[in-house]
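Asks: Sequence:
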Amino acid sequence: MFGCKCFYWKKLTNLFPPEPEPFSLPDPIPQWPPGEGFASGKVSLGEIEVFKINRFEFIWTCSLPEDKKKCVTFYKPAGIPDGFHSIGHYCQSNDKPLHGFVLVVREADMPETADVLERVKSPALSKPLDYTLVWSPDEGNEEIYGACGYFWLPQPPEGYKAMGFLVTNKPDKPGLDEVRCVRADLTDRCETYTLIFNAISTSLNLPFQVWTTRPHHRGMMGKGVSVGTFFCSNDFGIVKDLHIRCLKNLNPKLSGMPNLDQIHSLINHYGPTVFFHPEEIYLPSSVSWFFKSGALLYKTGISVGEALDGSGSNLPSGGTNDGQFWIDLPNDDQREITKHGNLESAKLYVHVKPALGGIFSDIAMWVFCPFNGPATIKVGPMDIPLSKIGQHVGDWEHFTLRICNFSGELWSIYFSQHSGGKWVDAYDLEYIEGNRAIVYSSKNGHASYPHPGTYLQGSDKLGVGIRNDAACSNLSVDSSVHYELVSAEYLGDGVVTEPCWLKFMREWGPTIVYNSRTELDKVINLLPVMFKYSVENIFSKFPVELYGEEGPTGPKEKNNWVGDERS
Numbered sequence: 001m002f003g004c005k006c007f008y009w010k011k012l013t014n015l016f017p018p019e020p021e022p023f024s025l026p027d028p029i030p031q032w033p034p035g036e037g038f039a040s041g042k043v044s045l046g047e048i049e050v051f052k053i054n055r056f057e058f059i060w061t062c063s064l065p066e067d068k069k070k071c072v073t074f075y076k077p078a079g080i081p082d083g084f085h086s087i088g089h090y091c092q093s094n095d096k097p098l099h100g101f102v103l104v105v106r107e108a109d110m111p112e113t114a115d116v117l118e119r120v121k122s123p124a125l126s127k128p129l130d131y132t133l134v135w136s137p138d139e140g141n142e143e144i145y146g147a148c149g150y151f152w153l154p155q156p157p158e159g160y161k162a163m164g165f166l167v168t169n170k171p172d173k174p175g176l177d178e179v180r181c182v183r184a185d186l187t188d189r190c191e192t193y194t195l196i197f198n199a200i201s202t203s204l205n206l207p208f209q210v211w212t213t214r215p216h217h218r219g220m221m222g223k224g225v226s227v228g229t230f231f232c233s234n235d236f237g238i239v240k241d242l243h244i245r246c247l248k249n250l251n252p253k254l255s256g257m258p259n260l261d262q263i264h265s266l267i268n269h270y271g272p273t274v275f276f277h278p279e280e281i282y283l284p285s286s287v288s289w290f291f292k293s294g295a296l297l298y299k300t301g302i303s304v305g306e307a308l309d310g311s312g313s314n315l316p317s318g319g320t321n322d323g324q325f326w327i328d329l330p331n332d333d334q335r336e337i338t339k340h341g342n343l344e345s346a347k348l349y350v351h352v353k354p355a356l357g358g359i360f361s362d363i364a365m366w367v368f369c370p371f372n373g374p375a376t377i378k379v380g381p382m383d384i385p386l387s388k389i390g391q392h393v394g395d396w397e398h399f400t401l402r403i404c405n406f407s408g409e410l411w412s413i414y415f416s417q418h419s420g421g422k423w424v425d426a427y428d429l430e431y432i433e434g435n436r437a438i439v440y441s442s443k444n445g446h447a448s449y450p451h452p453g454t455y456l457q458g459s460d461k462l463g464v465g466i467r468n469d470a471a472c473s474n475l476s477v478d479s480s481v482h483y484e485l486v487s488a489e490y491l492g493d494g495v496v497t498e499p500c501w502l503k504f505m506r507e508w509g510p511t512i513v514y515n516s517r518t519e520l521d522k523v524i525n526l527l528p529v530m531f532k533y534s535v536e537n538i539f540s541k542f543p544v545e546l547y548g549e550e551g552p553t554g555p556k557e558k559n560n561w562v563g564d565e566r567s
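All letters in the sequence shown, in the order written, are residues 1 to 567 by the UniProt record's numbering.
Derived from the structure by calculation, the hints contain no laboratory data.
Treat the hints loosely; a few may be bogus.
Claimed, not checked - Below 20 Å or equal to it, Euclidean Cα-Cα: the simulated SDA-like pairs (lysine to any residue) are: (1) K503 with E557; (2) K388 with K292; (3) K503 with A307; (4) K422 with L456; (5) K42 with P26; (6) K121 with G159; (7) K556 with G323; (8) K292 with E306; (9) K339 with P374; (10) K292 with K253; (11) K70 with D428; (12) K253 with V495; (13) K422 with S387; (14) K556 with K253; (15) K70 with G100; (16) K52 with P97; (17) K558 with R218; (18) K299 with S311; (19) K422 with G323; (20) K70 with S93; (21) K52 with T212; (22) K422 with G458; (23) K556 with L250.
Whole structure, please, built from the sequences with the hints as guidance.
Replies: What follows is the structure in structure tokens.
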């Protein structure tokens with residue numbers, strides 16, 4: 001993987017875009033209600049205590065020779081508190097505000113009650129033995145040295161792991177005291193995530209890539225802690241061993257997580273306003289309104305549905321989605337009324353869980369719509385409304401606020417979009433008031449987007465796919481006020497009472513029997529021959545959920561209830 005060739009450009013400052021400015025939220029972060037460790041600036045991981053650094057000292061900027069606007073800047077952490085140590089450097093592209101972090105570490109005080117085995121363990125932290133030069137210049141004049149980045153991988157003692165790379169702008173090795181390695185049992189596997197720099201020098205045959213990293217084991221039960229460092233490589237092949245690790249949270253108390261009062265304060269301060277499309281006719285409602293409006297519970301082999309009470313107490317609880325039960329709309333004249341929801345009763349159902357090893361909190365906000373409307377296919381300039389595809393009873397959609405547990409700062413929001421979605425950093429959100437963001441819900445399908453517009457689920461290049469139209473309107477729900485906390489397992493039994501309907505693990509709509517392929521074939525037959533194969537290939541990749549032939553399951557049956565968001 002490692003090589004010793006030069007990766008540089010002459011240091012002509014006027015050719016590089018200016019360094020990114022630090023980002024801050026529109027309003028100051030408030031004083032949160034008192035608690036144990038949330039927003040205290042530090043998080044205990046067991047034998048290690050970590051502190052988040054978001055102040056940096058510039059080291060080096062590089063860009064692609066053919067495009068000086070595509071820059072990446074490398075930084076070392078600044079303002080490290082006494083007793084803490086760096087574990088690696090940070091980098092980011094210059095086309096966005098400075099919005100990142102690296103963790104610094106120190107050994108936690110050993111409690112007096114620690115047993116003998118705990119006390120005889122090797123220290124949690126150790127200096128490296130040496131550094132390996134991952135990338136270096138192959139010419140020796142001072143002009144080039146001043147413009148070169150040198151990438152160093154700490155060489156840990158036996159039983160320890162490196163957590164990140166160091167960068168210098170001169171060929172001298174960093175001092176051994178500049179970084180710490182971490183005892184192996186306190187670390188976890190990490191993986192590459194976002195490619196932020198990709199350079200190929202054809203004349204020298206030099207590939208060079210820089211990636212962000214994230215823990216491999218994520219989600220509510222994942223102990224991997226994101227440390228904010230980067231991975232770099234001069235190998236375009238698949239790199240299985242990154243030579244660096246992330247930290248592991250071995251503190252069972254998850255002391256950095258917010259308590260109940262802090263959760264409500266966070267939602268009141270950050271809860272987004274959800275805007276539905278001005279032409280939306282399938283609006284959300286509360287679950288209770290849906291049940292009281294005549295929703296019915298069906299069981300296999302029984303043709304008559306059972307009326308549900310407002311709390312869903314007569315729903316079967318627990319188990320798995322075995323196909324034995326499902327919910328449907330009323331079968332009388334109330335059916336059409338119920339389909340269109342009830343905006344006045346609508347609320348967001350909130351699930352709070354640890355993320356990235358407990359240094360972040362994920363506040364997942366679920367919205368329920370009694371009905372999901374049909375899709376519209378876009379083929380170039382043509383929009384073709386479909387009559388059935390996309391329709392289903394009982395639509396659950398969500399977005400997720402990721403909160404930094406060191407400060408209580410809103411870090412990013414995940415926008416769920418059918419079978420996928422994406423994280424959007426706080427600097428790229430729209431804000432309606434203070435630090436409360438805007439979420440746009442797409443027409444009929446209720447997917448979430450950070451900005452208004454038409455989003456294509458398919459091929460942007462060919463202009464073929466499912467239309468997702470998002471726009472501002474008078475139809476909205478303010479989640480900072482209209483919400484219900486339904487689950488926060490880490491707080492312990494009895495702190496948050498889960499509603500009966502949340503424990504219903506079957507489908508919130510019936511199986512709809514129709515040949516969805518027939519509708520798609522009609523669309524394909526309208527196209528010129530030269531487009532038919534490409535369009536058919538795109539249609540074959542549409543998610544199963546789009547076809548709506550099976551009713552969707554509730555929030556607890558979704559992968560992201562326990563796991564991380566899909567991204």
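Asks: Hints first: check each against the structure and report whether it holds.
Replies: Tested hints:
Taking the CA atoms of K503 and E557, the gap is near 9 Å; set against the 20 Å cutoff, the hint holds. Only pairs whose Cα atoms come within 20 Å are accepted, and K388 paired with K292 is rejected, the gap being roughly 27 Å. This hinted pair checks out: K503 and A307 have alpha carbons roughly 18 Å apart, not beyond 20 Å. Restraint check for K422 and L456: the C-alpha separation of about 14 Å stays at or below 20 Å, so the hint holds.
This hinted pair does not check out: K42 and P26 have alpha carbons roughly 24 Å apart, beyond 20 Å. Simply put, K121 and G159 have alpha-carbon atoms about 11 Å apart, close enough for the 20 Å limit, and the pair holds. Simply put, K556 and G323 have alpha-carbon atoms about 16 Å apart, close enough for the 20 Å limit, and the pair holds. Simply put, K292 and E306 have alpha-carbon atoms about 12 Å apart, close enough for the 20 Å limit, and the pair holds.
Restraint check: the Cα-Cα separation between K339 and P374 comes to about 13 Å, which is no more than 20 Å; the hinted pair holds. For the hint linking K292 to K253, the alpha-carbon distance of about 40 Å lies beyond 20 Å, and the restraint is violated. At roughly 19 Å between alpha-carbon atoms, K70 and D428 fall within 20 Å of each other, so this suggested pair holds. The hinted pair formed by K253 and V495 meets the criterion: a straight-line CA distance of about 15 Å does not exceed 20 Å.
Only pairs whose Cα atoms come within 20 Å are accepted, and K422 paired with S387 is rejected, the gap being roughly 29 Å. Using a Cα cut-off of 20 Å, the hinted pair K556 and K253 is violated, with the two alpha carbons roughly 23 Å apart. Between K70 and G100 the CA atoms are separated by roughly 18 Å; this keeps the pair inside 20 Å, and the hint holds. The suggested pairing of K52 with P97 holds, with an alpha-carbon distance near 18 Å, which does not exceed 20 Å.
For the proposed pair K558 and R218, the alpha carbon gap of about 15 Å is at most 20 Å, so the pair holds. Only pairs whose Cα atoms come within 20 Å are accepted, and K299 paired with S311 is accepted, the gap being roughly 19 Å. Restraint check for K422 and G323: not satisfied, since their Cα atoms lie roughly 31 Å apart, outside the 20 Å limit. At most 20 Å may separate the alpha-carbon atoms for a hinted pair to count; K70 and S93 meet this at roughly 7 Å.
Taken as a hint, the K52 and T212 pair is honoured in the structure, with Cα atoms around 17 Å apart against an allowance of 20 Å. Taking the CA atoms of K422 and G458, the gap is about 15 Å. The hint holds against a cut of 20 Å. Of the supplied pair hints, the one linking K556 and L250 is violated, its CA atoms being roughly 26 Å apart against a limit of 20 Å.
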